[in-house]
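Asker: Residue strings, one per chain:
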Amino acid sequence: MPDSTPVRNTAQVAARLAREWELLSGESRVFDLVAAPSSAPPLAEFSYLMPLTLFANQARCGLGVLIQRKDALTVAANMFGVLPHEIPDEDLKDACSEVCNVFSDCIAMHLSGNEDVSIGLPLMLEAQNYEKIYRDSVVTEIYQSCVHSTHLLVVVFDSLCQLP
Amino acid sequence: METNPILLSSPLKFLVVDDSRAIQAIIRRAISKCGYQPIEVQTALNGEQALDLIGTFLPDLVITDWHMPKVSGLEMVQAMRQMGHQKTRVGFVTTERTPALLNEAVANGAMFILHKPFDDAELVAVVTAAVKDLARIAGDIATATSEAAPLAPPAAAPEAVGNLKKNADPVTPEALQQQLSACLGNLPFRLIPHEKMTIDKLTPNILLGLYSASERKGVYAIGMLDANALCMVGGGSARKNPLDVRAAMATGHPDTVMMDRAHDFLKTVAECLTQTSGEPAWEIVLAKASVVKNTFSKLAEVLAQPGNRSDFRLSIPGYGEGRMAFFVMPA
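Residue numbers (numbering that gives the first Met the number 0), protein chains in the order written: chain A, 0 to 163; chain B, 0 to 330.
Excised from the complex, chain B in its bound form:
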């Protein structure tokens, strides 16, 4: 049964690696049945070709065979990780059943291992599950911003949300200072409010948090931490060595601990948003958070939004500087 495609603001990118063109064709069909548009699919006949492609194509999900000439699927994934593509999602379609080898695939971040032969529906299910959070973020922002569309010109602020006054700070500097103090402990830091986050100042990756309010449909607010702020908040919270934090900032690749701690920090900001909503009965929570690329087209629209937004620059001696911003979406 045909269903309406889920329209995304930027293409989901898939790399299919299999020495059989027939299997490539089957996987392509399954990807197209996941219902997302637009999508981009590239193919490689072995791990060596795939490694050549990954650096430029930057796929969201790599779906790979295991047994291939030259470089196997597992060797390809291991090389990919060594090349710094830690976050690239991977799934295997294979006849391999050796537990030790499958464990190694999982240890290298395999999100699924599907045994051949498979039903198309099985493949559609695992591929959809592997990318749905990426797609959902795009969809939610698209919904949130389309509800705001057409965007008001900068001079005309959008209507207030709940009891939050027009142009009021959804996250006050005092409230954020308090949350950061709780997060960073006795680590000295400086929070500089009202320094507007703009698209040209963004780091390549952004931690994006979507907040929901119990009495409102869709996204209530969006929080953004650039990669520097993510590493600083996450690393500072975990009391990481400044050298490690600076190294993560330089590469733009925070480790898992930094990610988890930054995620926890975004959760605590929900309390700040609740304070300013003027609706004590509303329960505002962090619905989800994920890292997105700064090329994600909806980011520009959100960053151009006037009205209810709070922008900050965070400075931590020994670590460096990062930026964060919070936006309440017009109802």
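If we strip away everything but chain A, and leave its shape as in the complex, we get:
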């Protein structure tokens, strides 16, 4: 966790995530802060991890974005400008990876305050690594958006372990 962690404005983060999701998907929805469970929340079909590094102390942090198929179809259809049934899985992955990229800006500012942050490239989270990453890292916040029984999660890693 960074030494000079600013006061966290979680309401602001939730609002920004909602705005960013709306710009990408065209869909208006609410994000809420939920307590981070001790065990990893279930991995979604389209799950990505973005590593971040704070310039000041080289601390590693990051975010995970867990997107279920229905939400993946919504966001990809809007980004590609096509109907959901026309989208191949490769394009769903592409769109969800970009969602992770865009959300990383919001989370990077949230974690770093005014410090500069080095943003990496999104990595697809795989089941065999995901639980270990969750267990070996520090997670204090999870933002969740539920619509029609689909769950979209943004997991904030205050400290991110070495990736397997």
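Errors might be hidden in some of the hints.
Unchecked claim - Below, computed lysine-lysine pairings styled on DSBU-like, alpha-carbon distance capped at 35 angstroms:
#1 A:K92 / B:K69
#2 A:K92 / B:K12
#3 B:K287 / A:K69
No lab work stands behind these hints: they were computed from the structure.
Here the structure of chain A is known, so what remains is to put chain B in place on it, guided by the hints.
Answerer: Same frame as chain A, but now just chain B:
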């Protein structure tokens, strides 16, 4: 709301560089909403692919992501500049916020840096702003020449403009000699009038100036300096070393100082045009000037124009030779 497209005489070319095909699709849509036609769009998934494309595609504007595998957006732009593509316009769409890095992008000529995610309208606005002068030149010449259309056959000169007589020189050799003397100081030069500028003699890039007259709609006159004349006038005015001027002439890439000085020279030619217009009340000014490629299709039409035109060859010992021409557009 759909609006009529702005028809251009040559396509505006865009290169979209992003490792996300979804973002490529969004940018493509924004480009198509800018309202220009025709346009050509090519895409690359990273900086390496983009660098392979730039040399052959010669885009007017490169819109690039920052964080990409292999070669980042900034590295790609830096390499592009080193490869000699100094004038290629660039804009970034990125999540990058580090001030030092953004400053570096600006130092490498980034015309805009738009943060993701963006509203389509925001992207349309910055892309339109980045290319509007290129598009406007095409549009203005299209308007000016369409007003003249159908072009009269060479034997039949167009009607006179204002009090300017048919086939009269819109820029007299004496007046231009005077302006060049003021511009070049004591640098010796020779101005050879009536050597017609033709499309086959053009250098790859041309400095094109559009003049407006206060009492006339549209473009009153067009001035053209080929790349050699641009470097010679600009370099001579700035008292540049002949070696530097010749190097710029050889590559066809004048530096900023040469560009600025050549632009200033075109401004002074407005006075020559005012003298011959026969309309002392008219205020003739250089409305805009930009470098265009010699493949710009409307150039051929303008160069084929009979009637009110003045063509010159400029020779400066130690520098070389260049050509310039001025055309008054038929009313």
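Asker: List in ascending order the numbers of the hints, as given earlier, that are violated by the structure.
Answerer: Hint 3 alone not satisfied by this model.
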